[in-house]
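Trainee: Sequence:
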Amino acid sequence: MTATPIARRLLTAAIAVAAAALLSACAATAGSSGSDGQSDSVGPARAQLLGRWVPTDEGASPDAFVQFDDDGTVTLSDGCNGGEGTWTLEGTTFTAETGPHTEMFCDGYVDTHTWLSTARSIGFEDGELVLADADGASIGRLTPSTEGAMPIEPGIGDGSALPVSPTAEELVGRWTPADVDLDAISVAEGSSVEFRADGTVSATDGCLVQSGTWSIDGQQLTSVVAPDTAAMGDRVCDAVQRYSWLSGTHAAVLSNGTVQIWDELGAVIGLLTPQP
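Per mature numbering (1 follows the signal peptide of the UniProt record, and there is no 0), the sequence shown runs over residues -30 to -1, 1 to 246.
To be clear, the hints were calculated from the coordinates, so they are not data collected in a lab. Please note that a few of the clues may not be correct.
[Stated by the list, open to error] Beta-carbon label-pair distances, calculated as ranges: (1) Thr62 with Gly176: 35 to 43 angstroms; (2) Cys50 with Arg90: 24 to 32 angstroms; (3) Glu164 with Asp33: 18 to 26 angstroms; (4) Asp187 with Thr63: 18 to 26 angstroms.
Where is the CB? At the ideal position from N, CA and C, for every residue including glycine.
Start from the sequences, fold in the hints, and give me the full structure.
Mentor: Right, dumping it as structure tokens:
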């Protein structure tokens, strides 16, 4: 498949689309702290945690950090005591095991080890990652690092924007879809997706035409489409299946006018760029 001008524009747009992938709820949908000191943060997708984070505490050592990796490992430092372990996230339920570490004292000490070992939930609030204990009380706050690994989807974006949950009004209209596979972005010439205000949707990959219904609830975009034989007539299309993410329920975030579609693991699998 050869890249069309649309595909090249999509690639350029995708590089500008960050997946600080990823801080989707922190801009438009983040909550505020409750009066009882408990966190009202919005739960993240797994991919949103990937990368290096640093404590927000004033005076924290510049060497303190927490690094979440895609293989489920975590490395961290409180400023002078390093450590590593594992982490998991199911919904907003977070668990981490960091293992033994030294306990030297240093200036700007921030107990990232205790933060992770006692955290039971995690979410975004006011653009920051909030760790909370079993009672829901905030025990630590982190922000994306400006150096080292950044919490973005590999190959998509540079961390320069903060995606948010799209509204139904923002999705209504005609879009050009693109498949994302690792670092590759592909789009078939003549492709389009149209979300209508009445809840119906139609899509084509340039040959196959599909129609159905759609809805958006927070980050959850649900669409159910099937081949529209009436619209296709006698047209015969090849067997290549494109834009399979148009059917089912997937997380969707909006950044710089482009919609990212994520799979259940938080990987970007599709893009929607508005047509003129």
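Trainee: Quick one: are Cys50 and Arg90 within 24 to 32 angstroms, going by C-beta?
Mentor: 27 angstroms, holds
Trainee: For the range 18 to 26 angstroms, tell me whether the beta carbons of Asp187 and Thr63 fit it or not.
Mentor: 21 angstroms, holds
Trainee: Mind checking the hinted window 18 to 26 angstroms against the Cβ distance between Glu164 and Asp33?
Mentor: Since Glu164 and Asp33 have Cβ atoms about 51 angstroms apart, the given range 18 to 26 angstroms is violated.
Trainee: Quick check: does the Cβ-Cβ distance between Thr62 and Gly176 fall within 35 to 43 angstroms?
Mentor: At roughly 40 angstroms between Cβ atoms, Gly176 and Thr62 fall inside 35 to 43 angstroms, so the hint holds.
Checked against the numbered hints listed earlier, the structure breaks hint 3 alone; every other hint is satisfied.
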